[in-house]
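Listed in order, the protein sequences are those of chains A and B. Heads up: the first sequence runs through residues 1 to 436, numbered per my numbering. Heads up: the second sequence runs through residues 1 to 191, numbered per my numbering.
For the record, the hints were derived by calculation from the structure and aren't laboratory data. Just to be clear, a hint being listed does not mean it is correct.
Unchecked claim - Partial list, computed: chain B residues near chain A (C-beta under 8 Å):
no.: 1; residue: V134
no.: 2; residue: E166
no.: 3; residue: S173
Each residue gets a CB set at the ideal place from its N, CA and C atoms; glycine is no exception.
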Amino acid sequence: MIERLVAWSRLTVIPALMLLAATPAQAALEVEITQGVSGAQPIAIVPFARDASVAGDTDIAAVVDADLERSGLFEPLARDAMLETPGSVREVDYANWRSVEVDNVVVGRVSPDGRGGYRVSFDIIDVYKGRSIGGYEISAREGGLRDAAHAVANRIYEQFTGNKGYFLSRIAYVAVAQENSGPMYRLVVADYDGHNPQTIARSREPILSPAWHPAGTKLAYVAFDLQRGRSSLRIQDLGTGEVKEVSSRPGINGAPAWSPNGSKLAMTLSYRGNPDIYTYDLADEQVRQITRNGAIDTEPSWSPDGSHIVFTSDRGGKPQVYRVRSSGGNAERLTFDGESNQRPSYSPDGEKIVLVQGGNGFRIAVLDLETNNMRVVSDGPLDEGPSFAPNGQVIIYARQQGNSAELATVSADGRIRNRLRQPGDVREPAWSPAGY
Amino acid sequence: MVNRFSRRRASWRGMVLVLVSGLFLAACADNPPPGDPDDTSEGVSTGDGDGGVETREINERGLLGIDEKDRAMFVDPDNPLSTRTIYFEYDSSTIQSRFREAIQAHARYLADHPDVQLRLEGHTDERATREYNVALGERRAESVERALSLAGAGSDQLSTLSFGEERPAELGSTEAAYAKNRRVELIYVAR
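Excised from the complex, chain A in its bound form:
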């Protein structure tokens, strides 16, 4: 009973009213910073100058401010504290910025590129050196100024942290609304900050476990078909909207995870009598059994080099995290701290694993594979579904509370926290790859 909705890339050109008819109003997530870090970098993003012919009302500097502030690593100066609003490096009076103790100022301008799009140029200025330390230009298509602003924020973030920014990435999540006739499950794809949400599938039956293709072009997920009495593992192309059913065997068809090169899916199947990890080759459509154990084996995730799969197993009694070669073989237990550890996934550099630790409640924890040190980074009591940002610096997860759930982010070191709120029940976030 899953309905395929209009391909999302086409949604942008559909008039707003038709879009509403196709996808019932989906409120955007609202971001609230709940815990920042002391010693964040002071910076001033001056409102960008814009030529009169630039259409739309996207306030580029405001989007950049929000991105940088949300990262917790920057402390953008409020606009009303700015003594001047220069539109270019030449117009900057450095004394004005030294007096408000800002080390760095970003000035920029938006102008038409003569081909229907825009040129966004900006400079990152070092107030104490008294000069620009980097001038950049970004082209944006019509209607693309919000993305251009995220690209500006990515550049600034990388300049000061040395890490790639993640402000152009996207998230997929499942939203559940209680309607008169029962729950309605929606699979939603949105910008990382919750803007621009698009419903890509909806169903009266549960939708589970969205997983991004490494190129960010497709999602694998689990749906249910009560007519057939089966669960169904599907791949949906985000560009064309095309849906392919990969497995609908008796028993479990669940927990999809893409191999790093996108050629295979790891998944949990139970048609041979017990939940085990299998890999499915998308080219020849063959499945291969990776684990063979009388216990529950599920929640596979590939190492970034594709050599290993980590997964949850209760073969030792309680659920713990194990690792096996992606070609199969003996599994090795990785977690020993905590009553239970589940749903592991690798950081993009392969050095850490984020997971859900159970004990007194359920919390997100990060296991350093080098040192075996486990760091709990969330408060519980019912946190789940963690996923690393493409740059490995931030983790998104879901917080369940009574009858609803919300999404939250935390820096990998546990210091910076944000909440992404939306009315209703939001869960199962998956952070897209790349997006630099």
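Once you have looked at the hints, place chain B on chain A.
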């Protein structure tokens, strides 16, 4: 099967009409199953904390595969066939002895009615992760499947489907709600 499908489609059409016209309009079934005159639930568990919904849902959707003349047995509280939800302890798929009589009764009914199909739908409470819970719900369903099979039901009459924690019978994070959610529902499906 055909029956259920047409009901579902009718309900969707009803929903669209409600949206379009702005009128309150109950979703009418084209072809309501016998003994089910005013069904508007379309077999969806609303999980709204109303225990009555759970009962209604398992009595309607769960008995579609049972001949009309036999249905009274399945709702008679003095008949062990009226027990059609098997409850479990936390993180366990062991069937408690208090359900032995019900399992025997259902197995006997299945053995006597080889055309009847029973789907075992496994569920968990909200603790632990979602896919682990899908596996745990599957294991519970398989455990009931095995018990029924040992007691004489044909293996081709039985199937399993796990929803994990996704379709709670009762919302909320209390022990009482959790206990109601750790369950296998016996759903007699229409052929």
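Comparing the hints with the structure gives:
no. : hint : in the structure
1   : V134 : 5 Å, holds
2   : E166 : 4 Å, holds
3   : S173 : 6 Å, holds
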